[in-house]
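Student: Those sequence lines, one after another, are chains A and B.
Each residue of the first sequence is one higher than the one before, starting from 1 at the first, in the numbering used here.
Each residue of the second sequence is one higher than the one before, starting from 1 at the first, in the numbering used here.
FYI, nobody ran anything at the bench for these hints, they're computed from the structure.
Be aware that a few hints might be false.
[What the hints assert, rightly or not] Listed below are the simulated BS3-like cross-link pairs for lysine-lysine, each with C-alpha atoms no more than 30 Å apart in a straight line: (1) B:Lys-13 - A:Lys-82; (2) B:Lys-13 - A:Lys-117; (3) B:Lys-223 - B:Lys-145; (4) A:Lys-233 - A:Lys-216; (5) B:Lys-257 - B:Lys-244; (6) A:Lys-179 - A:Lys-267; (7) B:Lys-244 - B:Lys-227; (8) B:Lys-257 - A:Lys-142; (9) B:Lys-13 - A:Lys-78; (10) B:Lys-244 - A:Lys-142; (11) B:Lys-223 - A:Lys-114.
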Amino acid sequence: MEYAVETFSLTKIFSDWWGREIVRAVDDLNLRVRYNEVFGLLGPNGSGKTTTLKMLLGLLYPTKGKAIVLGGDGANPKISAKIGFLPEESYLYRYLNARETLDFYGRLFALPHKVRKMRIEALLDMVGLKAVANRPVGTFSKGMARRIGLAQALINDPDLLILDEPTTGLDPIGTRQIKDLILKLVERGKTILLCSHLLADVEDVCDRIAILYGGKIQAQGRVRDLLQQTDKKQITTGSISDTTVQRIKQLIQNEQADCVVTSPMDKLETFFIRTVAAAQQQAQPTSGAVSTTQIGAFLTPKTLTESILDKLVSARVSQEPRPEPPTEQVHPVETSQTKPDEQLLSKLTKPAEPAQPKPVVKNGKAKTKPVKTETPRPAEQTKKSILDQLTGRSTPQNEDEDSDSKVN
Amino acid sequence: MHSIWAVATNTIKQALRMKVALVFIILLVVLLPLMGASMTGDGTLKGRLQTFVSYGLSLTSLLLCLLTIIISIYSLTSDIEQRQIYTVLTKPIRRFQLLLGKLLGVILLDVALLALFSAIIYTITIYTPRYFGVSQAELTRLKTKYNQASEAEQLGLEDEIFELEDELYQLNNEFLTARASLIPPEADVTHEVIDIYEELEKTGQLPPGASRKKIIAELTSRKKLEKQAAAVGEDLIWEFNNVKPLDPDQSLFIRFKYDVSVNPPDLHVYSSWLIGDVRQFESGIEIETPIYTFDRKDLIRTFHEIEVPADAVAQDGYLAVGFFNVPLNDTVVIFPLNVGLEVLYKADTFTANFLRAVCLILLRLIFLACLGILASTFLSFPVAVLLSLCVFFTATISGFLVESFDFLSENLSALYSYTLRPVITLLPQFDKFDPAKFLVPARLLSWSLLAKVTGLMICIKASLLLLLALLVFSFREIAKIII
């Protein structure tokens, strides 16, 4: 099987009651998503992205044509057991709490109780909702619901992840985390099909994209091929003196080419994340009700999430020293005066510290190490093993081993 | 199976965390004991319990029916409307499994709630007599007191004991029991009626303007009544087979009602009855089972019961009841069709009968759950609820509906009998199988009847609905059209 997703002149026509055609939502679409790539489906509102995804999953039936997902019909339980799907909004059972929600979805996959429990805890940790796991999801903000939505899409350790607007409703930090997650999942051999109209997000993560308009593919190809300006070159240097700049200009002019010299701008995203991280580091009181601070607090500070994400990819040997994550110096906050947000924050950050990924990264074999050489800290160990499991690197043997040691 | 179970438990959680279910549960938990305390019926203890059981079960049944309709419909329509179904159906679960899971959840909830409420009703029913001091223990206590008392006190105690005995007797024989009822088989009069009709036709005496069907029906009922009528000095004999009293030491009851051609001056009819195995007279063999005779004087047009020891029934379950219209009467005595005469005997305990009556309610609920699931596969919540309520109320009065339409439809018979009538008969008949109808007169609700209702209401009608639901649901597009 060459393609993870393949469609053959897929067409969807919505008709009115008399059978007259109203809208041709998807028109003769031939989509090919290779294994182990991030494929982005772009397009303005109403261009047929979501309709296409729903046809892949069997929620809508094509008027004409055929869609093959992982070599079969997406509605077939055997196939859908290997798919994770995040719809355009997180549609959750409002009366269930976060843990029950994940448990329900886990049971649909017939995951055994032990595995289910471990994965749920790991996923809650990963999306930073462990502290509110016992609250009904009906009380969650949009961003938090999105995180649960993402967690439920990952509970079966899917081979193919279909994400519909994965970053809507998320703050920039959450967006960044999802993008990192996507990249790391791909490194672990997963295939990801996402659709979005947030171009910045797509540009950062996608290997290949297709741009839809009016239900038809307008452009398709590798992001680099589509965007690279082959007739221009960009040179980025450290801080250099004006004379050197003059000399370089001279050199370039010798080749009869134009040259512009400026200081590069930070991306706003990078700046934002840096600023918030700095604020968290100083444990500054947030001004309460203002926009994203609420979510930011439930958000595990970047380190925690990163450390877990790192574990996701820990099998990949990385020799580069990792920059020290900022939260290492988080000061304990006085619980009496601080807002609940911050209490939560401190709670979340504490367990994060022992979970620093250094030994794991150096060793490069995370899955067996903690169990055998160290006295295992239950939380940390569970996380690692589950994440390994989640990403499909561990053997069933390891699963048993992990669960045993957890019981002990 | 695991996914069906997951959906079922989720449905139960949803129902329990919905305010509607809680309101219904609290309402019943409060109302039932209140009803037990406040209902007095006709003043006797038996009447009090009859009223309570009848109203208690009806209320429970009504509220649970409504709850079942609401939950079974809400569960699926809210999933579709709020689109949680997107994340559920993209998991490895077949659509029929989703529906079966929802159905299972609703039924399990119904079973639990029904068990709770019927337990409350049963407990109150059993303990109320003790609360009012009507029990065997109380009788024994009074009797010992009577034996020890002085003569002056004994007079007062005698009345008390007599009253208590009477009430206990009523309670145990007419309410806290399950009596089977046998109605004499209807005589087959078709041939006779046709003969008469042809005779009338020949002689040209047919009433003008009436259809053949109508005349035949009229003649048939007249002829049947004739078979149930005894002129002065004549007798009638009814024969019953398969009479199986639970205990030969107990009594069986002949329940009857007279109609007369001419009202007697004091509105009473004198009669002489003979009850037992009359075959023994014919064969001339030795009398093995006793044959009882009674001479009575009874008010006309009201029900009376003759108590007969159950050993009158022959070994093979044969029993004959003979009525003799004594010459004293001077009028023809008629036993009305169907209700004129029946034999009642204790065939089972009250507890077992109550249990089966509750099962009858459960069958209703299962049917309604299937109906709700079907309605929610293609309708929105309010429309589906409306449809289900219509079906529910139609089924509750289906007997009345069929009767009245039959009566009214003589002129539009073709239209009616091919459209409305099949629809009404397709619906279940909740009124015909009303549990109160069995428990209040302490009539046996036999296992075979229960099995019959199960077969009809669940195995045929409900499963048809369910099949239809599965069919509709597996072909429909789940996602809303968003472009």
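Student: Next step is simple, just say for each hint if it's right about the structure.
Tutor: Comparing the hints with the structure gives:
For the suggested pair B:Lys-13 and A:Lys-82, the alpha carbons sit about 28 Å apart, so the restraint of at most 30 Å is met. This hinted pair checks out: B:Lys-13 and A:Lys-117 have alpha carbons roughly 19 Å apart, not beyond 30 Å. Of the supplied pair hints, the one linking B:Lys-223 and B:Lys-145 is violated, its CA atoms being roughly 59 Å apart against a limit of 30 Å. Taking the CA atoms of A:Lys-233 and A:Lys-216, the gap is near 33 Å; set against the 30 Å cutoff, the hint is violated.
Between the alpha carbons of B:Lys-257 and B:Lys-244 the distance comes to roughly 23 Å, so the proposed pair stays at or under 30 Å and holds. For the hint linking A:Lys-179 to A:Lys-267, the alpha-carbon distance of about 15 Å falls within 30 Å, and the restraint holds. At most 30 Å may separate the alpha-carbon atoms for a hinted pair to count; B:Lys-244 and B:Lys-227 meet this at roughly 26 Å. For the hint pairing B:Lys-257 with A:Lys-142, the CA-to-CA distance comes to about 74 Å; that exceeds 30 Å, so the pair is violated.
Of the pairs offered as hints, the one joining B:Lys-13 and A:Lys-78 holds, with about 28 Å between alpha carbons and a cut-off of 30 Å not exceeded. Between B:Lys-244 and A:Lys-142 the alpha-carbon distance is near 70 Å, which puts this suggested pair outside the 30 Å criterion. Taking the CA atoms of B:Lys-223 and A:Lys-114, the gap is about 77 Å. The hint is violated against a cut of 30 Å.
The structure fails to meet hints 3, 4, 8, 10, 11 from the earlier list, while all remaining hints are met.
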